[in-house]
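Undergrad: Residue-level listing of the chains:
There are 2 protein chains.
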Amino acid sequence: MIKIAVDAMGGDFAPQAQVEGAMLAVKRNPDIEITLFGKKEEIEKYLTNSERILIEDCREVIPMGETDPMHAIRSMKDSSMVRMLKAVTDGSCDACCSSGPTQGLVVGALLIVKRMPGFKRFALAPVIPSMTTGQTIVLDCGANLEVKPQHLVQQAYFAKIYAEEVLGRENPKIGLLNIGVEEGKGRDIDKEYFKALSESNLNFIGNVEPSSILEPPCDILIGDGFTVDMVVKTMEGTAKSMGKMLKANLKKGFFGKIGALLSMKNLNRFKKQINPDEVAGAMIYGINRPVVKAHGSSNAYAFSFGIQIAVDSIRKQVIEKVREALENNPIEEGTDE
Amino acid sequence: MIKIAVDAMGGDFAPQAQVEGAMLAVKRNPDIEITLFGKKEEIEKYLTNSERILIEDCREVIPMGETDPMHAIRSMKDSSMVRMLKAVTDGSCDACCSSGPTQGLVVGALLIVKRMPGFKRFALAPVIPSMTTGQTIVLDCGANLEVKPQHLVQQAYFAKIYAEEVLGRENPKIGLLNIGVEEGKGRDIDKEYFKALSESNLNFIGNVEPSSILEPPCDILIGDGFTVDMVVKTMEGTAKSMGKMLKANLKKGFFGKIGALLSMKNLNRFKKQINPDEVAGAMIYGINRPVVKAHGSSNAYAFSFGIQIAVDSIRKQVIEKVREALENNPIEEGTDE
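Protein sequence lines, in the order shown, are assigned to chains A and B.
For what it's worth, our numbering labels the leading residue of the first sequence as 36, then goes sequentially.
For what it's worth, our numbering labels the leading residue of the second sequence as 36, then goes sequentially.
Think of the hints as simulated: they come from the structure by calculation, not from any bench.
Treat the hints with caution; some may be incorrect.
You can't tell identical chains apart in this list, so a pair holds if it fits in one copy or across any two.
[Claimed, not checked] Pairs of lysine-lysine residues, derived as BS3-like cross-links and limited to a Cα-Cα distance of at most 30 Å, are as follows:
{"id": "1", "residue 1": "K282", "residue 2": "K300"}
{"id": "2", "residue 1": "K112", "residue 2": "K220"}
{"id": "3", "residue 1": "K279", "residue 2": "K220"}
{"id": "4", "residue 1": "K155", "residue 2": "K356"}
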């Protein structure tokens, strides 16, 4: 039985979305058991089927707007997030998932669950929609704003294994997010990333422009944490603004209104494909156990896929395989810090 | 009479879009005269009204995929782009507009028209659609991938004057593109940009996340050339991919097809609002005369608005006012290179 710890109190629609998401995940995976961490009485309001779902009562919640995550993690020992992270550390659970504040979860993962030995810079790696392959792994989404080439290559190995094991991609292609496709494009650091990726054993296809963010010619898009976070936030924002604009425009005029009505089903399908809220979640690469950050605005459906990432990572032994890859591809002496 | 030089041969739809765009611009502005630089016989195919439109025959064209712009500008003396730039340098024209290759135009502007004295780092500043104000100035779009804080502030002064004079904004608001809104967010260099902008006389409103790229709380969005180019390319790419996805989705099923048909007018309006090809163009800040880069894929309508930027810059004496601002806001001694 795979045991998943879930922070039931983190997220804009907690605990309802988290509890309902857990029930969906249990239904989908007959071999998992979920422990919900949070206020028992609030969880029970929404828990209509407790088969393979346990509750661990916690009295504190780290708020979404927390500005001092380090302090919060250290002082709020009875918070749902800290208790969830402790459960994967002491081995009572195998992996965990939270929609709580990103910085809190990242700091908590580092302080409580700890880094994988040999993995130098952890990364936040969401899976975003792709028109070419269905899904693209994008990293690092803001965990380390600046990163050295050899550390970026380590992160790429993690992504490769995740793409192979969880997404089922064969020899996954990796592209470097850059302002132009030609070799030699970008800042000096981008040229160094290009060189390091070229010299690795990875299936590196070269630079990819962010204009193809939704239809890239690869399975994995990589870059430094600042750049990638800017790109992903731009994509999410553009999609949201366009959705608003489309809605406002479509309903103009009599025929427009009827047209919009007739197109409703198609428009909803479109919205689902592109809505960043439907993006299941981001795994924190480089932590000793699978720690998944689900979107803050996740609904039950989206959150259940955040849990799925945690489940699949355990089922496919992603962490163990990354450890092996790190041993087989050590980074050069003297360049590791 | 305001005299505009136009590169009739640059762009994906040249010379048709350029010639027709020139005719539109002349019709809209009774006080301008346009000189079209390019192959006379090709231009004449599309020139149906030559009132206030002259032709200067040039036998060469710098191709869109040019990989060595420096060499092209130096060797192709009879190219439409070089001849256009020479016309604004020798004073026979006041400003110019081209849809030709960006790097060629930038290099040509620097080599032929030359930098404004005292303006340290030129910038590429497109005007993109905004849901809040109609238009946002975004810079630097890839001219200088990395930039010092004092040079970024100079660029911001140029944008402020452009926003006041050409877009008619009062006390234009400037936001720094960054991964979070709070002060202290971003890399070290972003904190330096924040400090320099705060200490200037500009109406700096703080950090703006790229998630609000299409509805920012300000008139001007600024950042280093690498970051801003990544953000703008992501926005353009997301918009294009979403448009494709929407089209594919909307026509599904019988009712969908009818709905799409009834919504056609509204969908086209939506497309116009968001289509990056409708973005008129980018002015190169820091050059002695207004040099405008229109989108490579400009149609006649879009190109006419590229010309409009050149016209308005002359009419409102943007360059002269920037010179004045530079004199009144000198950058600190010893930090200018």
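Undergrad: Next, verify each hint and record whether it holds.
TA: Structure-based check of each hint:
For the identical chains of this complex, K282 and K300 are neighbours both inside a copy (14 Å) and across copies (14 Å), given an alpha-carbon limit of 30 Å. For the identical chains of this complex, K112 and K220 are inter-copy neighbours only, at 27 Å across copies versus 48 Å inside a copy, given an alpha-carbon limit of 30 Å. Taking the shortest alpha-carbon separations for K279 and K220, only the inter-copy value of 28 Å comes in at or below 30 Å, while the best intra-copy value is 35 Å. When the C-alpha separation of K155 and K356 is checked against a cutoff of 30 Å, the pair qualifies only within one copy, where the shortest distance is 16 Å, while the shortest distance between copies is 51 Å.
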